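With chain A's structure known, arrange chain B on it following the hints.
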Amino acid sequence: MLAFILRRLFQSIIVLLIVGFVAFSMFTFVGDPIDNMLGQERTQADIARLREQLGLDQPFFVQYWNFLGNAIQGNFGISYRQGRPVSEILLERAPATLELAAVSAFFAMLLGISLGVFTAIRRNGMASNVIMTLSLIGVSLPTFLIGILLIYVFSVELNWLPSFGRGAVVDLGWWTTGFLTTSGLQALILPAITLGLYQMTLIMRLVRSEMLEVLRQEYIRFARARGLRERAVNFRHALKNTLVPVITVTGLQLGAIIAFAIITETVFQWPGVGLLFINAIQFVDIPVMAAYLMLISVMFVSINLIVDLLYFAIDPRLRVGKGRGH
Amino acid sequence: MSDTPVLSVRDLTVEIPTRGAVLRPVDAMSYDIAAGEILGVVGESGAGKSMTGNAVIGLLDPPAHIAGGEVLLNGRRIDDLSLRQIRRVRGAEIGMVFQDPLTSLNPLIPIGEQLVETMITHLDISQAEARKRAVAALDEVGIPGASERIDSYPHEFSGGMRQRVVIALALCAEPSLVIADEPTTALDVSVQAQIIALLRRLCRERGTAVMLITHDMGVIAETADRVAVMYAGRLAELGPVREVLSRPRHPYTEGLMGSTPAASAGRPRLHQIPGAMPRLGHLPPGCPFHPRCPRAQADCTRDPGPTLAACDGRAACWHPVNVTDAEVSR
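One line per chain: the protein sequences are A and B, in this order. Going by the numbering used here, the first residue of the first sequence is number 975, and it counts up by one from there. Going by the numbering used here, the first residue of the second sequence is number 202, and it counts up by one from there.
These aren't lab readings, by the way, just hints derived from the structure by calculation. As the structure is a computational prediction, the values presented were derived from the model and not from experiment. Any given hint might turn out to be false.
[As the list claims (entries may be wrong)] Footprint (simulated), chain B over chain A, 3 or more residues, beta carbon under 8 Å: (1) 1193 to 1201; (2) 1208 to 1217; (3) 1280 to 1290.
[Claimed, not checked] Simulated DEER-style distance windows between Cβ atoms: (4) A/R1203 <-> B/G343: 25 to 33 Å; (5) A/I979 <-> B/S327: 33 to 41 Å; (6) B/D340 <-> A/I992: 50 to 58 Å; (7) A/I979 <-> B/D281: 55 to 63 Å; (8) B/A329 <-> A/V989: 43 to 51 Å; (9) A/I1122 <-> B/G482: 52 to 60 Å; (10) B/I326 <-> A/I979: 38 to 46 Å; (11) A/R1190 <-> B/Q473: 34 to 42 Å; (12) B/P492 <-> A/R1190: 30 to 38 Å; (13) B/D504 <-> A/K1214: 46 to 54 Å; (14) A/N1103 <-> B/G482: 29 to 37 Å; (15) B/D340 <-> A/L1146: 57 to 65 Å.
[Said to hold, decoys possible] Derived pair list, reagent style DMTMM-like, types lysine to aspartate or glutamate, alpha-carbon separation capped at 25 Å: (16) A/K1214 <-> B/D262; (17) A/K1214 <-> B/D301; (18) B/K333 <-> B/E314; (19) A/K1214 <-> B/D352; (20) A/K1214 <-> B/E314; (21) A/K1214 <-> B/E357; (22) B/K333 <-> B/E357; (23) B/K333 <-> B/E406; (24) B/K333 <-> B/D352.
Ideal placement from N, C-alpha and C gives every residue a C-beta, glycine not left out.
Only chain A is shown next, with the shape it has when bound in the complex (with noise of 0.2 Å):
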């Protein structure tokens, strides 16, 4: 077990090592961020000065070498357009991302888990038919879409919630939350919707067919023929054995909540890291850039890990050393 996570922590650097190479020599072709830097009436000494104040003039190698070094220390460098630390500025909007994506990560998971085994038990009913036609609305329209159509509806049309911002936060020193204010939550609920309306589809499409699927196994005649109640047939029975392939995707779509934090942060104007980097594209802020996207695959690779370990804690077979394997 040790070795086991000992490996993927170790895969999970080279992970970051070459998710960090891609990115910085992406950086070379957005564009130079001296332009944005500097006025109107600069020099070419002006220039060449600052470029080598930045460290632009070295080798791209030297570059992401320098960009590492720092990095494992805790140093992003200093932000080209705000003038303050990376780590600062990332640590003040990451409260915003991660309660977004929390609370959309819960939504989609509540609704898509419940909503996937009842129309997988209801297979013909009504209710199930309807459920599905409206999921694939869900699956098939943009995020950025599904924004605006909110926002037009509840918004501009029923005016019943705000259409952008975070509403009154409460700051705990570490940690801006909205959750202890009215406005703050009302706040989270148009966007939460938008993120994690695609992925609640998702996860319910896969229920569905993954417990179609188990519910047609041997085992689980064989648990109605023991007399089981029809709630621990489906439920202790079929659930357990549905979640093993669902965790996976749940998982990685866990990760898809943040990064695609991007757009629907960008909708409502919400003041977290997706937004961040948006604006951080349009002055080519590079060290932003860097430190935005090296946060994101150290998102993903720890949520791969847990998922990873979370296998081991649902299905008995994984658990190594132990038994005859299948």
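For chain B alone, kept in the frame of chain A given last:
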């Protein structure tokens, strides 16, 4: 026990509606099983053996359904029960053993837990008591070190051991009838005899009636008290196992014996029944076996075909074999 049979099936008919026609995988079957008795049900694949078992326990897959007849368990009708009521019969009064032990146990739940949940569903006992009984049940079916292995998962057992667990599960709520649907087909030959012996011993000890569905004549010969031979959804022959095996009356049974190696020892070659069992949608008129029957005559093609009741009560055949003169003159 009283003289009411544990299971009494009267004219049971199962139908599957299809676009073209209504198929009858089980057609007017009647048989009884007494307490402690083992009834072997044999026949080729597709003869309707498993369908009969599933119909008795109410586990037919739609659109298959019981279209006629009745099923009585200890004198009480069970074929018309609601889902909620039949659920209380399953496991508690009728235990079931499936063919493949590798797929009939839930892979994510320890075997002890599967036993405990079955007992708690049907018996009024505590969790601790159920666990104690689970250890005893595993011990009884011959799982070595039952108290340590109770928390093991199904994949930690071999196929034969898993089938022992399945038998423990079928018997743990003390049913009066066990339906064993090809319980040894998926197992190694060396393990088959042990499993059959175990099933027979446990059921004899408890006086449990057994419906043993198999296509293995050898298993029937060794285990069953009576045997029911099925052909194309109908009962071809029903009688005590010794008599049916040594002097079969239905030409199909005779052919079946001839095509079994053990029963045909001494003969130069295995006998083959010509042709194949007709598909359910294309049953011939009269006796369904007549196109393959060496003794078929003109009256065999006329409807209604022979039934046990219309013939001698043992074989559904107008021209049975192995009939003594005394019986003919009767």
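Restraint status (C-alpha distance of B/K333 to B/D352 at most 25 Å)
Between B/K333 and B/D352 the Cα gap is close to 13 Å, so the pair holds against 25 Å.
Per the hint of 50 to 58 Å, is the separation of the Cβ atoms of B/D340 and A/I992 within bounds?
holds (56 Å)
Is the hinted range of 29 to 37 Å satisfied by the C-beta distance from A/N1103 to B/G482?
holds (31 Å)
I want to verify a distance hint. Is the separation of the beta carbons of A/I979 and B/S327 within 33 to 41 Å?
Cβ of A/I979 to Cβ of B/S327: about 40 Å, so the range 33 to 41 Å holds.
B/G343 and A/R1203 - C-beta distance against the hinted 25 to 33 Å:
With a Cβ separation near 30 Å, A/R1203 and B/G343 satisfy 25 to 33 Å, so the hint holds.
Does B/E357 sit within 25 Å of A/K1214, going by the straight-line distance between their CA atoms?
holds (19 Å)
Per the hint of 30 to 38 Å, is the separation of the Cβ atoms of B/P492 and A/R1190 within bounds?
holds (36 Å)
Range first: 52 to 60 Å. Now tell me if the beta carbons of A/I1122 and B/G482 are that far apart.
holds (57 Å)
Does B/K333 pair with B/E357 here, judged by a C-alpha cut-off of 25 Å?
holds (21 Å)
With a Cβ-Cβ cutoff of 8 Å, does the segment 1193 to 1201 of chain A contain at least three residues near chain B?
holds (count 8)
Restraint status (C-alpha distance of B/K333 to B/E314 at most 25 Å)
holds (12 Å)
CB of A/R1190 to CB of B/Q473, is that within 34 to 42 Å?
holds (36 Å)
Hint violations for this structure: none, all hints satisfied.
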